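> Put chain B on the given structure of chain A with help from the hints.
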Amino acid sequence: MRIEKCYFCSGPVYPGHGVMFVRNDCKSFRFCRSKCHKNFKKKRNPRKTRWTKAFRKASGKELTVDNSLEFEKRRNIPVKYNRELWDKTVEAMKRVEEIKLKRQARFIMNRLKKGKQLEKEEAINEVKKNIHLIKAPHAGKAKQMEDKMVQKLQEDVDMEDEDN
Amino acid sequence: MALYNFKKIMVVPTAKEFIDITLSKTQRKTPTVIHKHYQIHRIRHFYMRKVKFTQQNYHDRLTQILTDFPKLDDIHPFYADLMNVLYDKDHYKLALGQINIAKNLIDNVAKDYVRLMKYGDSLYRCKQLKRAALGRMCTILKRQKSSLEYLEQVRQHLSRLPTIDPNTRTLLLCGYPNVGKSSFINKVTRADVDVQPYAFTTKSLFVGHMDYRYLRWQVVDTPGILDHPLEDRNTIEMQAITALAHLRAAVLYVMDVSEQCGHTLQEQLELFNNIRPLFANKPLIIVANKCDVKKITELSEENQACDRLLAHRVDTKMKGKKVHDVLNRLHLAMPTKRDEKERPPFIPEGALTRRKAMEVDAPKRKLERDLEMELGDDYILDLQKYWDLMNDDEKQDKIPEVWEGHNIADYIDPDIMKKLQELEKEEELKERAGEYDSDDESEDEEMQEIRVLAKQIREKKQLMVVESKEKDVHGPRMPRTATKVRTLEKEMGNLGLDMNDKDGSHYAQQARRSRSIAKKRKREASAPPTSKTRSQSASRPPRDQSGLRDPKMAKKAKKIMKNSQKGMNRQGKKGEADRHVFDLKPKHLLAGKRKSGTTDRR
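Order-wise, the sequence lines are chains A and B. First residue of the first sequence? That's 1 in UniProt numbering, and the numbers climb one at a time after it. First residue of the second sequence? That's 1 in UniProt numbering, and the numbers climb one at a time after it.
Just chain A, same shape as in the assembly (with noise of 0.2 Å):
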């Protein structure tokens, strides 16, 4: 019993799901479910339909080439059941597993780190272009222009005091 990948979406194929369909040329094609069966029957192409993992792989928007990703390979030379190493493997699995999520999520986090960049610069930009539509130019200035006439004003009479 083997968790199969379907051809289209790359997702997993569950036993008792999804179809499988043979080309007359001998090449077996799975599917998860219709979607991807139709999709294929339309002939499209899963590298350029965006929501498959082709897409994703194939445009650089997850991770390809990692050492966690070579060990989870189909291995076409069966090995003879020995307990320890099946033992040893279900826990490398488990730590692998954790390390490939992480790398994972790191590599798409930098991804996205361009954007937060952009997203800062825009906004420089946008309050330096358009800051007069919520602020006027001279907004508190008439304020500031009396407080210095009367702080002016002010030393004028402390300077005349001080005359006298």
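Bear in mind the hints are in silico, worked out from the structure with no lab data behind them. Just so you know, not all the hints are guaranteed correct.
[What the hints assert, rightly or not] Output of the computed footprint for chain A on chain B, the stretches with three or more beta carbons under 8 Å from beta carbons of chain A:
#, region
1, 379-391
2, 402-415
3, 419-433
4, 446-460
Quantities reported herein were computed from a predicted structural model and do not represent experimental measurements. Glycine residues also receive a C-beta, built at the ideal position from the N, C-alpha and C atoms.
Only chain B this time, still in chain A's reference frame:
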């Protein structure tokens, strides 16, 4: 040279059939409708087409016959001679010649009548011409009746001739009638030739095939030959003679030792001497047949016809040269001994033990069936106990296959622990290098302020867009001065300007100034006005008061105005110039059937 296949000659129809076929084809495949009011060129074209079509069909069919039948000069002389013997060369050529002539005549007829048709000036004339043309063509063909019948018979016979390949290895059996040639061929090949006690059972050539030394040999059986001169020979004997003359074969002259065929040995000898010239350049074997009836040793010494007492031997002298050619190219390679080491053939141990076990009846091991019998109801088929594992106690384990959506079989690897360790090391390095540190740097206050302002700006922009969409562009266009002062004041307040000192502002001063000027104007009415426009604008009454004496009249005027507007308002018109016609009950929505869907919602 065209390759002829005697079996694939097209059927030659009888004259009547031929005519019927062609005429019905013309009727079916050409247009049939014509009226006399059509244009004359169209009528002419219509009938010309029919004539040409018929001519084309006859021509094609006759040409096919002429090409299908073989030309006696083009085929192998054996076949040419055979056909001459069977069908008479002259008659054959004549028949084909007649067909050729007929073809040419038909072409000429068609040409002439097509030329005449060009001058046909009415439907009736053209039709008559066409009738005449077709009639003549059919008469020509009717005259060829006998030729066509003859050719059909020739075709049928030709297709049934045995396929004798004149270039391959052949054995030719000849001799008196009833000496045993057909029996011989029946025995040696898979042929099934009639064998009967009367003479001339075999009336034509028969072919059988046999294998000798991995090669295919043709064996040709001929009808018997009697001893009289060539000119007296009939068709059947001539076939045998033709075969003898043209086929490069090994000749087996069969003699009946027991004289059961009805001819003495002497006669047979004489025949042999007579046809000896035909055996030139061919390996010859004399076969003494029917020796079960009379032994060779019982023959008198005078009979020296039989040289050998054999069942059968093939003489490959004819093919000798060819064999040498092949031998030159073949070479059997035997590996030379490298050293003196003995290298016997290798037989695996298992094969030896099995052989020994077969010889000795070894005790059988315990079968599953026996186990089942023993345990009865408790028996469970457990194939896992036959597994060949490294530790025997693991045989009954339940092997896990899947974990959290991953196949364990994909991860199984003898060096998985090593790889995992490397991965862990890498991970450690990465962590130390700080790759996994979360980097939300706390932004300074300035940046936060900027973000808040940017958000406000965006909201304001959206509001402006919405407002501009809401404004009424189709209504009257008000000048900018129509915006009320109050809204302006509010707006400016929102922008952060200080609105407290309103009296001292510029716009308030201006308003005061204009009012005061107007008042002053009225007091000094006697003085002449300084500019004309100002005076007129001051003295002119507003439009809804001009021409009305008192409020009562004003009221009436207003009433009349409202009255005249009532009609327009009721019809939803925008003004007196609005002549738009509304389509309040469009027909395509409220009437008629729908292509798909129901009409119970309109």
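> Examine the region 402-415 of chain B: at least three residues should have C-beta closer than 8 Å to a C-beta of chain A.
It holds: at least three residues are needed, and the region 402-415 of chain B offers 13 whose Cβ sits within less than 8 Å of chain A.
> Okay, the region 446-460 of chain B and chain A, do three or more residues pass the C-beta test at under 8 Å?
holds (count 9)
> Taking a Cβ-to-Cβ distance below 8 Å as contact, does the region 419-433 of chain B have at least three residues touching chain A?
Held - the region 419-433 of chain B has 7 residues with a Cβ nearer than 8 Å to chain A, which meets the minimum of three.
> Verify the coverage statement for the region 379-391 of chain B against chain A, using a C-beta to C-beta distance below 8 Å and requiring 3 or more qualifying residues.
Result for this restraint: holds, n = 5.
In summary, this structure violates none of the numbered hints.
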